[in-house]
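Student: Below, each chain spelled out in residue letters.
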Amino acid sequence: MSDALLSVRDLTVTFDVPRPGAWPWTAPRKLHAVNGINFDLAPGECLGLVGESGSGKSTAARAVIGLAPISSGKVMFDGQDLGALSPVQRRKYGREIQMVFQDPLAALNPRMTVGDIIAEPLITHEPSLPRKEVRTRVQEMMEMVGLLPNLVNRYPHEFSGGQCQRIGIARALILRPRLLICDEPVSALDVSVQAQVVNLLKRLQKDLGLSMIFIAHDLSVVKHISDRISVMYLGRLMEQAGAKQLVQNPAHPYTQALISAVPIPDPEREKSRKIMMIQGELPSPLAPPSGCVFRTRCPFARPACAGDRPEYHVVGGDHVVACPWYNQLENSTLTAV
Amino acid sequence: MLATGCNTADDILNAAHRSEVKGRSLWRDAMGRFARNRAAVISLFVLGLILIFAFFGQFLSSHDPAFVDFMLRGNIKELGGPSIENGHYFGLEKEGRDLYQRTVQGIRVSIMIGVIGSLVSVVVGTLYGAIAGYFGGRVDSIMMRIVDILMAIPFMFVIILLLVIFGRSVFMLFVGIGLISWLNMARIARGQTLTIKNKEFVEAAIASGVKPFTIIVRHIVPNLAGVVIVYATLLIPELIIIESFISFLGLGIQEPMTSLGALINDGASQLNRGTPWMIAFPLFFFLATLYAFFFVGDGLRDALDPKDR
Chain H
1 MSDALLSVRD
11 LTVTFDVPRP
21 GAWPWTAPRK
31 LHAVNGINFD
41 LAPGECLGLV
51 GESGSGKSTA
61 ARAVIGLAPI
71 SSGKVMFDGQ
81 DLGALSPVQR
91 RKYGREIQMV
101 FQDPLAALNP
111 RMTVGDIIAE
121 PLITHEPSLP
131 RKEVRTRVQE
141 MMEMVGLLPN
151 LVNRYPHEFS
161 GGQCQRIGIA
171 RALILRPRLL
181 ICDEPVSALD
191 VSVQAQVVNL
201 LKRLQKDLGL
211 SMIFIAHDLS
221 VVKHISDRIS
231 VMYLGRLMEQ
241 AGAKQLVQNP
251 AHPYTQALIS
261 AVPIPDPERE
271 KSRKIMMIQG
281 ELPSPLAPPS
291 GCVFRTRCPF
301 ARPACAGDRP
311 EYHVVGGDHV
321 VACPWYNQLE
331 NSTLTAV
Chain Y
1 MLATGCNTAD
11 DILNAAHRSE
21 VKGRSLWRDA
31 MGRFARNRAA
41 VISLFVLGLI
51 LIFAFFGQFL
61 SSHDPAFVDF
71 MLRGNIKELG
81 GPSIENGHYF
91 GLEKEGRDLY
101 QRTVQGIRVS
111 IMIGVIGSLV
121 SVVVGTLYGA
131 IAGYFGGRVD
141 SIMMRIVDIL
151 MAIPFMFVII
161 LLLVIFGRSV
171 FMLFVGIGLI
181 SWLNMARIAR
191 GQTLTIKNKE
201 FVEAAIASGV
211 KPFTIIVRHI
221 VPNLAGVVIV
231 YATLLIPELI
241 IIESFISFLG
251 LGIQEPMTSL
261 GALINDGASQ
271 LNRGTPWMIA
281 FPLFFFLATL
291 YAFFFVGDGL
301 RDALDPKDR
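So the sequence lines, in the order shown, correspond to chains H and Y. Following our numbering, the numbering of the first sequence begins with 1 at its first residue and continues without gaps. Following our numbering, the numbering of the second sequence begins with 1 at its first residue and continues without gaps.
Since the hints were made in silico from the structure, they are not lab data. Ideal Cβ positions, reconstructed from N, Cα and C, are used throughout, including at glycine. Some clues are possibly wrong.
Below, in silico cross-link-like pairs of lysine-lysine (DSSO-like), each with a Cα-Cα straight-line distance of 27 Å or less [unchecked claim]: (1) Y:211 x H:92; (2) H:223 x H:206; (3) H:30 x H:92; (4) Y:94 x H:74; (5) Y:199 x H:92; (6) Y:94 x Y:77.
To give a feel for the contact side, a few chain Y residues facing chain H, derived at Cβ under 8 Å [what the hints assert, rightly or not]: (7) 23; (8) 26; (9) 206; (10) 210.
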């Protein structure tokens, strides 16, 4: 795809984990947090990244924005390989790519006023802008995210979690970036506030024509906001499809299990449905299973799964799945949401 | 704004939009907590009085600090005691000079040494520690090993050596105290930086392309400030004690200058000659200053990190 705003190819992020009690010169173990993932993001599109904790979805996003080191692979933004840039050149892309963080309060400097926090990216990239202009832009932005603009002189601790997240969104959008990465922006908020923030993001995405990567572990939230969804497990991409397609026809056993675990807001149906349980824990990313990384917990695992890393199979259209047996699985135990 | 006949809810809402609300910063909250701490407030008051006394006390007495009162010098034990009539409010010290003037001078010198040493530690130590902690890795290792090496040298020995080699002077004393005072501060600042730099607001700044040095100044240092202020306040009395100890050894401040330590040393040497005022007055101000600084420091700590008690 050449018209993609962002295209990620074989992205791998590894961290060095020193062996306990090792000498400084012995080679540390490599932890593959993200292990060769691919995706494309068209302008104005929203890609949802889901997966359980430790599946590498945050790390993948952080590699795109430059907070995690890219070990190999390419992150092409607007035709430019971000991984090949020096830190100084990389800083210019702060204008284009911004991020909304998980913990709304921790993402705001407690010693700065809200106005200064929102203005920071603006001052960084347009240092010659007069103070008055900065203030006007900040207040416009606050109004846009649904905050009263007269609160510019307040401090973050005087706001609720949802308001703090709105401040974080205002800061991320003040430069009008083309790509917004939302790293679990709603998982620290309570449900009613979650809905407000998700709808705000959805509205802003439409109004500003943003491309968005939306990370969450809550499938129902991701389904609501995303055009396409990628499912990650242990640093690998398991399945990728349009949001509706993925939720209605999950092909990978892991996706099927995730979707079967989404609660149904109807007690009668909720009681009668079957949940496909996954046994065990996420294996250590220091020693991932051979072949398909999900095989240790997959109810349909067969000996062949331990062999080679599974290829991506096209189910139809843009629906790809990393399971060679996807059309031979027993699907009847699952209920669609 | 509201008085000019806004009746509709819209008008009121508009007024609320226009008037900017002032926020309560964490500093203001901390000041409120400090004001409620009685011991700290009293100590701050006492400290203020001592400072006023140290810098303006000399105008209350007509004697010159260097003037030796030969009229009384022959019999200090009988005639040199504290008295209002002859203007020697605190009596005479062992050379026959006015102890009141000497004490005022001594407090001034001691507090200046404490404050300047502490300022050096705040500026050098905070920046050093913040840079080491923020950049981490090899930079951090090298910078902190230098601190470790400097800390391993017995500093009292170094100060004494400096004073012996380069001669006793106030400047050398400042150099010696400045050399050691920032080491602990650097460690504390580094430790705090390590926790702050992984907070999301620092990551947000990195992600939006803020330069590392700006991040240190704008995001790291203001969040270190609480701990740094507390430590700096508690460092002042420590430095006063160190200076007094060196002066007590006879190596510190040189005549005709004096410090509280030197005065206490003089007073102690005359203790068995029946002139207790010579040690009593300097010692009183010494202890009062130390206690005041310690209580203020404690109060600041409670006020600045309420979670950290």
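Student: Minimum Cβ distance from residue 210 of chain Y to chain H below 8 Å?
Tutor: holds, 5 Å
Student: Taking the closest Cβ pair, is residue 206 of chain Y under 8 Å from chain H?
Tutor: Constraint on residue 206 of chain Y satisfied, holds at 6 Å.
Student: For the pair supplied as a hint, residue 211 of chain Y and residue 92 of chain H, confirm whether the alpha-carbon distance does not exceed 27 Å.
Tutor: holds, 11 Å
Student: Tell me if the interface restraint on residue 23 of chain Y is satisfied: Cβ within less than 8 Å of some Cβ in chain H.
Tutor: Interface hint status for residue 23 of chain Y: holds (4 Å vs cutoff 8 Å).
Student: Are the Cα positions of residue 94 of chain Y and residue 77 of chain Y separated by 27 Å at most?
Tutor: holds, 10 Å
Student: For the pair we were handed, residue 30 of chain H and residue 92 of chain H, check the Cα-Cα distance against 27 Å.
Tutor: Outside the cut-off at roughly 30 Å; violated.
Student: Between residue 223 of chain H and residue 206 of chain H, does the CA-CA distance stay at or below 27 Å?
Tutor: holds, 16 Å
Student: Are residue 199 of chain Y and residue 92 of chain H close enough, with their CA atoms no more than 27 Å apart?
Tutor: Holds, at roughly 22 Å.
Student: Hint check: is the beta carbon of residue 26 of chain Y less than 8 Å from a beta carbon of chain H?
Tutor: holds, 6 Å
Student: Starting from residue 94 of chain Y, check that the Cα of residue 74 of chain H is at most 27 Å away, please.
Tutor: violated, 82 Å
The structure fails hints 3, 4 (numbered hints given earlier, in ascending order).
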